[in-house]
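Undergrad: What follows is each chain in one-letter form.
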Amino acid sequence: MIPLVYYLAGAIALYVIGMYCLASKRNMIRLVIGVEILMNAAHLTFIVFSAYRTVGYIDPLGHAIVIMSIVFAGCITGVALTIVTYAYRHYGTLDVRKLRRLRG
Amino acid sequence: MKIDWVRVAGLTTVVLVVLVFSMLIVRYGFPAFEYAGPSAELIETETTAIGPEVSRFLWTYRLIDLIAQAFVLFAAAACCVAVLRVEEKK
Amino acid sequence: MFTQPLDVLLIFTITTPVIGWVAYKKANRKIQGIYAALGLSVTAYFLYELYKEVAEKGVVLIVGQLPFSPPLGACLKIDMLSVFMAFLFTIAGLFAVVYSIRYMEHDTGLTEYYTLLLGMIAGMTGVVFAGDFFTLFVFWELMCLTSYALVAFRKQRWEAIEAGFKYLIMSAAGSATILLAMSFLYGMTGTVNFAGLAARLNNATPDGWLYVTLTLIIVGFGIKAAIVPFHTWLPDAHSAAPSPISAVLSGVMVPTGAYALIRILILVFGSMQSVWQITLAVFAVFTMFGGNIMALWQNDLKRLLAFSTIAQMGYIIFGLSMASLSGLTGGLFHIMNHAIMKGLLFLCAGSFIHQVKTQDLKKLRGIRKTMPMTSMFFTIGAIAISAIPPLNGFWSEWMIVTAGLEAEMILFSALMLANMIISVIYYVRVIRIIILEKPTAVSKKATEAPASMLIPTFILAALCIIIGVYPGPFITMASQAAKAALEVQRYISLML
Chain U
6 MIPLVYYLAG AIALYVIGMY CLASKRNMIR LVIGVEILMN AAHLTFIVFS
56 AYRTVGYIDP LGHAIVIMSI VFAGCITGVA LTIVTYAYRH YGTLDVRKLR
106 RLRG
Chain W
54 MKIDWVRVAG LTTVVLVVLV FSMLIVRYGF PAFEYAGPSA ELIETETTAI
104 GPEVSRFLWT YRLIDLIAQA FVLFAAAACC VAVLRVEEKK
Chain B
626 MFTQPLDVLL IFTITTPVIG WVAYKKANRK IQGIYAALGL SVTAYFLYEL
676 YKEVAEKGVV LIVGQLPFSP PLGACLKIDM LSVFMAFLFT IAGLFAVVYS
726 IRYMEHDTGL TEYYTLLLGM IAGMTGVVFA GDFFTLFVFW ELMCLTSYAL
776 VAFRKQRWEA IEAGFKYLIM SAAGSATILL AMSFLYGMTG TVNFAGLAAR
826 LNNATPDGWL YVTLTLIIVG FGIKAAIVPF HTWLPDAHSA APSPISAVLS
876 GVMVPTGAYA LIRILILVFG SMQSVWQITL AVFAVFTMFG GNIMALWQND
926 LKRLLAFSTI AQMGYIIFGL SMASLSGLTG GLFHIMNHAI MKGLLFLCAG
976 SFIHQVKTQD LKKLRGIRKT MPMTSMFFTI GAIAISAIPP LNGFWSEWMI
1026 VTAGLEAEMI LFSALMLANM IISVIYYVRV IRIIILEKPT AVSKKATEAP
1076 ASMLIPTFIL AALCIIIGVY PGPFITMASQ AAKAALEVQR YISLML
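Residue numbers (our numbering), protein chains in the order written: chain U, 6 to 109; chain W, 54 to 143; chain B, 626 to 1121.
A couple of the hints might just be wrong.
For lysine to any residue, the following SDA-like pairs were computed, each having C-alpha atoms within a straight-line distance of at most 25 Å [said to hold, decoys possible]:
(1) U:Lys103 with U:Thr87
(2) U:Lys30 with W:Thr65
(3) B:Lys791 with U:Thr59
(4) B:Lys791 with U:Gly15
(5) B:Lys791 with U:Asn45
(6) B:Lys791 with U:Leu99
(7) B:Lys1108 with B:Tyr673
(8) B:Lys982 with B:Leu1040
(9) B:Lys982 with W:Glu140
(10) U:Lys30 with W:Gly63
(11) U:Lys30 with B:Thr857
(12) B:Lys791 with U:Gly79
(13) U:Lys103 with W:Glu106
(14) B:Lys988 with B:Ala1066
(15) B:Lys791 with U:Met24
(16) B:Lys988 with B:Leu921
(17) U:Lys103 with W:Leu137
(18) B:Lys1069 with B:Ile978
(19) B:Lys791 with W:Leu137
(20) B:Lys791 with U:Ile38
(21) B:Lys982 with U:His95
(22) B:Lys650 with W:Leu137
(23) U:Lys30 with W:Met54
Please keep in mind that the hints were generated in silico from the structure rather than gathered at the bench.
Bound conformation, chain U alone (with noise of 0.2 Å):
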């Protein structure tokens, strides 16, 4: 099997490429994908340990958390969406630096 330490370089990268979503993009949907993809790095992380416990056993822990994990991560999408259709009525654009009313 591929060594362990190559699934974790992955996730890794994706917790990586998550966070510079959240940082560099514009568009509101993108920010919310980007914490889809934060939340996904851990999944995959769940399952390769779960896989990994003991050669051609699955330890059901991390599979079970990752099933209810992913709802968590639905609704946290889902509650996103409401407030960007919202935005969208509001300020007629899709654009997070416009979002900059509140400061100081």
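Chains W and B: place on chain U using the hints.
TA: The following block gives chains W and B in isolation, referenced to the frame of chain U:
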């Protein structure tokens, strides 16, 4: 074509960070399950169907989390209704 | 199902929409509020019963059905610290609900409002009762999701939507960071249960990956606990939310982040205690300075109170970072005092806004002439929070400073004293504006707040004075909670 230098700098920083972290991780490894004890519940991949076994694990060991998750789903639906509600015009 | 207080809160959360339908049929908008207040009172009663049970038994534990569940199974683990914090949440929620019955009378969607508010308090109670990291995460998500919608509740105004979106993105990134830290802990030990993690990692030699996990935990929970580089969502969210929600967010939800942080750091990262103590203390000092200095030039009343919350969280995290009995007692006592004082200040600010429809300090001058009682309660709250002797803020902040001197963090205690003096400056400025200046045209048109909004502020102001004059029993409660937080070995032995 105009090159946005801030964006180029950001992208190269991210690529460098990913490369550095990957090399560090591959070099130093991870103390996987160093502190773990034996597990009572391991499922064999080759011979058993994983779906029903994980489901059995979920419903026996993680019951509290599942019930709480049902309430979280209800609250998420209430959030969406609250944000999307219709204001009456006066 | 779970314990009785948590059960009651969740059942009332689910049944509030039914009551909302009844209210719609009878065209009466106060029924949902009264039902929510009833639910919180029943919860407070069951919490008192739970307190008696925990005081006699030590710890109350709920697990799944199987006898060997704990290392793998979800569980709730209730000790004195959990009961102390849950009691604070219920009382703060009760005052906010009684206040909202009159404050939110012109808003639509009251059913959703009370459902989400009860859901948020249920989530916070679940966070403090959790004995397993993933159970904590599930209730943490319940608390966070409901708070996103409550901040964005008055969606027809642009401030609420902007503040709500920024808060959501930052807080969701924090939750994802917590999940990644949880996955590394699972990778190292094979369990996510706190007792299991404590038994296995508490005496481990500090390793590179443990430092990485420690960083992720401090960042993830620090976003919610308003530690300074990650605090930028707080002023916008607290000034755009409806005032009773600001009182609950500021008073109890932000300290829940601090609770989760200190619980995990004491239980799991005991071997690296010197590292995280200094780190948290340095962050706490930055937080104090950031909050106090930014509050000096605010002209919006609720934004000023939000920055003051950031500074007070700096004091709390400094107290909690010492991880000694006196430091933890001071920090927990200050969480209690801050919930009361900041709740009082936000509710009084809400009374001003309800009567005069503005948050601008320049327009609220001299409002003492037309709203005498609310101004008096606001003054009591402001004097209390700037740590002036006979009121309660002085006792808790003084305890934190002396604990810092005992723990040989003399420089940090001196910086905290300097911050207390800076906070006196801006609170005196606010009191002077409200009491001593001449009324403007806007504040002359105000009338006194209605009775159902005056009663919670009166009770909170009375509590400030009572705790200030007679702090003994409250300090005893906080120190029992602190002792329970520090007993790691007993926690492990009762579970495994």
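Undergrad: When the hints from earlier in the document are held up against this structure, which numbers fail?
TA: As far as the earlier hints go, 3, 4, 8 and 13 are violated by this structure, in ascending order.
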